[in-house]
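Each chain is listed here by its residues.
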Amino acid sequence: MTAFVSPVVEVSDFWEWYELALKNGWTDGLVVAPPTERQVSRIIEYLGRDPKEVVGVVGPRDGVGTIEQIAINCAMAGCAPEHVPVVVAALEAMLEPEFNLHGVQSTTNPCAPLVIVNGPIVAELGFNAGEGAFGGGSRANACVGRAVRLILWNIGGGVPGQTDMSSQGQPAKYLFCAAENEAASPWEPLHVERGLRRDQSAVTVFACQSPDPLFVPGDAGRILKVIASTLPTTGVNMFHTAGQFLLSFGAKPAQELARAGLTKADVRRWVWEHARYEVGWLRRSGVLVEGEGHMYYWGHGEESVPDLSRLPDDARLPMVRGPEMIHVAVIGGASQWWMGMSAGWGNYGGYAVTKAIGGPRRTS
Amino acid sequence: MKLVVPHTTYRSEGVRLAPRPPSLAGKTVGFLDGWGRRTEDGSYAMYPLMEELRKLLEERHGTGDVIWRKKPSISKPAPKEQVAELLSRADVIINGEAA
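Chains as they are written, first to last, in my numbering: chain A, 9 to 372; chain B, 7 to 105.
Please note that a few of the clues may not be correct.
In silico DSSO-like links for lysine-lysine, alpha-carbon gap of 30 Å or less [to be verified]:
(1) A:Lys181 x A:Lys31
(2) A:Lys181 x B:Lys77
(3) B:Lys33 x B:Lys86
(4) B:Lys86 x B:Lys61
(5) A:Lys31 x A:Lys60
(6) B:Lys82 x B:Lys61
(7) B:Lys61 x B:Lys77
(8) A:Lys60 x B:Lys82
(9) A:Lys181 x B:Lys82
(10) B:Lys8 x A:Lys31
(11) B:Lys33 x B:Lys82
(12) A:Lys60 x B:Lys8
(13) B:Lys33 x B:Lys61
(14) A:Lys181 x A:Lys60
(15) B:Lys77 x B:Lys33
Sample of chain A residues at the chain B side, in silico, Cβ under 10 Å [what the hints assert, rightly or not]:
(16) Val17
(17) Glu18
(18) Val66
(19) Asp70
(20) Asn81
(21) Met84
(22) Ala88
(23) Gly111
(24) Ser114
(25) Gly354
No wet-lab data here; the hints were simulated from the structure. Every residue gets a Cβ at the ideal spot worked out from N, C-alpha and C, and that includes glycine.
From just these sequences and the hints, can you work out the full model?
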């Protein structure tokens, strides 16, 4: 059994534990599994790492993320030891500067870190990448997503109204983990696009909103036109802050686009070129007010933006800086023409980061 | 049932406030501005709250020079160069605003 730094307490049953967890603020309200000495030890022994080893400092409260603290939170999330390297990779990804975890945790925006899992580990651990991938159906999605949340809660200290100032939050804050459906995808997997090998397992984290569902029936041309006519709306976060967004295609529309010869890169470029704001429409809608043209479109945090009120009616403005700011993944089954659009946090951060999932470091 | 419960330690533990100057008179005040205020020509000026604070400090405490720097992004830490410049040139620093 591991010698723990953290306190060991004795409780008589699950309900006493749950009350204790609520009283001490160790959960956001959802039920948490009891972190028994045995389960926490099993996780640490599986990882083969020093329980005092620091993976990183987690904002906004700058809690020290030791292997022991991570293991405790993973046990509370219901993780088996094999799930934990996925959680550790997700944490490492969130700690990269471009993710700006401190900001993601404390912003008024409702974004939450989405974890997308790729590679052989998806099948090995049974992640759900098909029907309902965002909405349950697998212990792996649930426990990894929940462990990330509890680490951000207990180690990062992202508590609503105290440090997490998200005006409304969103259900995905409870947990937000899915896998790419590589088996049904006609395209290159997300982690391969982002520089890793197909036989590697990886996580990509991206701070975003829950997928806004789009129904895109028809041939490739129609699918793209529906996307282009739906996305550029003025209330969507990118209108104010650019940044990045994610298009998560169900397998059916992805396969239809691929049948027409389109790659992920083609889709990204087409959407970037065609999903645009027409200045005349902004003017007619009353959104564009003379003298305030530079206040809204990309007006938060961008150094140089055009004054929209000086542009002609036929000027068309992109949603984000370039096609590379649009992520494409195949998440979900082939049962219908559904896809999702997840707005990112904007140019403040939360940008997608991909990390390979390390294996346990057992020596015996 | 024996449980190992969360016990987070924080990096800030043991960090103390910097020593305060006995007087602000004549002191150089650094302003690290998150927002700034967009002017008509598209450039930036001091955020109104900071601007008011600057005036109050001058009126009530007779503060000296002002160094104003706008962060490239409201949500990201200031670049190391900005922090180093303010630390080396300013006696006191206002490092944020909330309104």
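Hint-by-hint comparison with the structure:
no.	hint	verdict
1	A:Lys181 x A:Lys31	holds, 21 Å
2	A:Lys181 x B:Lys77	holds, 29 Å
3	B:Lys33 x B:Lys86	holds, 23 Å
4	B:Lys86 x B:Lys61	holds, 27 Å
5	A:Lys31 x A:Lys60	holds, 26 Å
6	B:Lys82 x B:Lys61	holds, 27 Å
7	B:Lys61 x B:Lys77	holds, 21 Å
8	A:Lys60 x B:Lys82	holds, 29 Å
9	A:Lys181 x B:Lys82	holds, 21 Å
10	B:Lys8 x A:Lys31	holds, 18 Å
11	B:Lys33 x B:Lys82	holds, 28 Å
12	A:Lys60 x B:Lys8	holds, 20 Å
13	B:Lys33 x B:Lys61	holds, 14 Å
14	A:Lys181 x A:Lys60	holds, 28 Å
15	B:Lys77 x B:Lys33	holds, 22 Å
16	Val17	holds, 5 Å
17	Glu18	holds, 5 Å
18	Val66	holds, 9 Å
19	Asp70	holds, 4 Å
20	Asn81	holds, 7 Å
21	Met84	holds, 8 Å
22	Ala88	violated, 17 Å
23	Gly111	holds, 4 Å
24	Ser114	holds, 9 Å
25	Gly354	holds, 9 Å
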